[in-house]
Amino acid sequence: MNSVHDMGGMDGMGPIQVEKNEPVFHERWEGRVIAMRRAMAATRQIPASARPAIESITAADYLRMSYYERMFTALVEQLVESSQVTRAEIESGKPAKGSAKAIHALTASEAATLPFRVPPVMLSVAVNPRFQAGQRVRARNLHPVSHTRLPRYARGRTGVIERDRGVQAFPDTNVLSLGEKPQHVYSVRFAARELWGERASPRDAVFIDMWEDYLETA
Amino acid sequence: MDSTRRTFLTVSGAVAAENVAHAQGHDHDHVHQAVPSDLTLRVKALESLLVEKGLVDRAALDALVNTYEHKVGPRNGARIVARAWVDPNYKRRLLANGTAAIAELGYSGEQGADLTVVENTPKVHNLIVCTLCSCYPWPVLGLPPVWYKSAPYRSRAVIDPRGVLHEFGTELAEDVEVHVWDSTAEERYMVLPERPAGTEKLNEEALAALVSRDAMLGMVKIAPPKEGRP
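Chains as they are written, first to last, in my numbering: chain A, 1 to 218; chain B, 1001 to 1230.
These are calculated hints, taken from the structure and not from any lab test. Each hint should be verified, as a subset may be incorrect.
Unchecked claim - Calculated lysine to aspartate or glutamate pairs in the EDC-like style (CA-CA distance at most 16 Å, straight line):
(1) B:K1149 / A:E19
(2) B:K1044 / A:E180
(3) B:K1053 / A:E89
(4) B:K1123 / B:D1057
Since the structure is predicted, the reported quantities are computational estimates derived from the model, not experimental observations.
Bound conformation, chain B alone:
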């Protein structure tokens, strides 16, 4: 291996290790591996083997990765929420049959064959989890974040939802009912958050910009827009 190549590997390996450390919330007080991670090499080797055997086509893998990175994500869900806020008839259809209502806006697919949308109100607060796995409504929210798939969240959301919400900065009054939806079967869930006050004059696009992924999982409420900003 020549020195240029070695330098490149050192840099990319360190970046990759740093990403992992960051994702796990580690302090940066240890030396990062200076070569590509074991998994980078093993996955690359498996992909080459499967391509050589004709079991996968690299261009098909590229297309799938491109979809997961760029074509699905919480922007889709935010559009749904904004539409439901401005159109009471759409909201009624969305709560009655989530799958059909998101299809009206062009969204459908894997991990969304049966979508139930649950509405947050001043009296009921909904929270989505998958204790057994990491089930998540891909067509409207994309792939799940690391914390949603993590043991701390999956173990605690069902037994201590108010404690979990507190950690996300969400405080609920005693008389609010917390409904936790454990996605154990094929049904996938999304929360329709409460529309914040002071948004009466905003159009659908500006409303969609207020809606976060975490709000559509029931982790947070949507704050009213700040003065001078939508």
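Chain A extracted, bound-state conformation:
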């Protein structure tokens, strides 16, 4: 989606504000939100990725909300979409009469080890890579209306394959349950001037990880 979350290269977002000795959570509810999200994703009660739901938040709201408020908003949407709760239950704060109780929630002992378990990212599927390190490639001019990891600022730009990161599921189809579409992911080096023209230093570069479907031979 070409929505406001894809903000690389935008001007006008204001100064960067750094807080000294920042706590992990500023308010208790923030920790509860991320914990609910991780716990329910771990038991597959909601989708593994919150990102499609976060990216669907209207631009004005997205910019107004804090990170954890966006996560909370997305959590509610995904709970309803996954039929775990109804909007009426959210409104009333009470389970509907006669609604079934879930069979399995993440337990405390499972939760204690969850953050330290490494989720499988690489797929053990043999797929031939289309590109090799050192090869010139162009990011395709794609504008999908759903989730993508191809940032707008790279589209149509030419770079060089830095390295092959192996075979992974393609998020554009995977988050829509249209299949994993396993393919190679590459670290691609773009000269800063190729992306930003004269505004950038001639020595600088931006490295972007790109799925093969985002790339074409240059």
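Since the structure of chain A is already known, use the hints to place chain B on it.
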């Protein structure tokens, strides 16, 4: 609601609002809300609903919050950096395969399945960002700070890295290459900062104490230790 309860809510609400205002850098010239924030109530209501429906277990949520607050954080990354500074073989392994090398020191997990460590040198300065979201190497740095997740940083880091670095007090010579790593996929990044001069006699623990979160994101260089202090 009795008056004692009302007083408690007034105080906790004001503290919470102040925390938010502080995080956003507001001036304190407005009246804070004197009741718990809307989000406090909404999140509490959602948690109660999910517990009643058997979808979450409160003790599991407590365990996750405890991990994020106390078990992951930049101290983990600092230990990695210090080890790489004192052990050239470890450094080689770390730069070749970050995930495997941090596992040697006992670190692994979510948002760190594939970790790439990039080395700052006198000629190359690396900077980490996630323009699309807020991807961050949790096993070594913990959860990201607010500024890293903010629109100002995410929008500017790729187009104006030298301007961003200037705001963090980091000035780079023209002939230094700035490499910005945009974490768009599953790969997570950490910077191996340059070891400062004057630290030859420090042991690994003292070295780790010098390493800041911001240095491991490439925002700052690590200053040499001051006289009389490690």
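(Q) Next pair to validate is K1149 (chain B) with E19 (chain A); report whether the Cα-Cα distance is within 16 Å. (A) Status holds; Cα separation ~13 Å.
Q) Is K1123 (chain B) within 16 Å of D1057 (chain B), Cα to Cα? A) Violated. K1123 (chain B) to D1057 (chain B) sits at ~51 Å, over the 16 Å cutoff.
(Q) Checking one constraint from the list: CA of K1044 (chain B) to CA of E180 (chain A), max 16 Å. Satisfied? (A) violated (36 Å)
Q: Measure nothing beyond the straight line between the CA atoms of K1053 (chain B) and E89 (chain A); if it is 16 Å or shorter, mark the hint as holding.
A: Judged against 16 Å, a Cα distance of about 10 Å means the pair holds.
The structure is inconsistent with the numbered hints 2, 4, although it conforms to all the rest.
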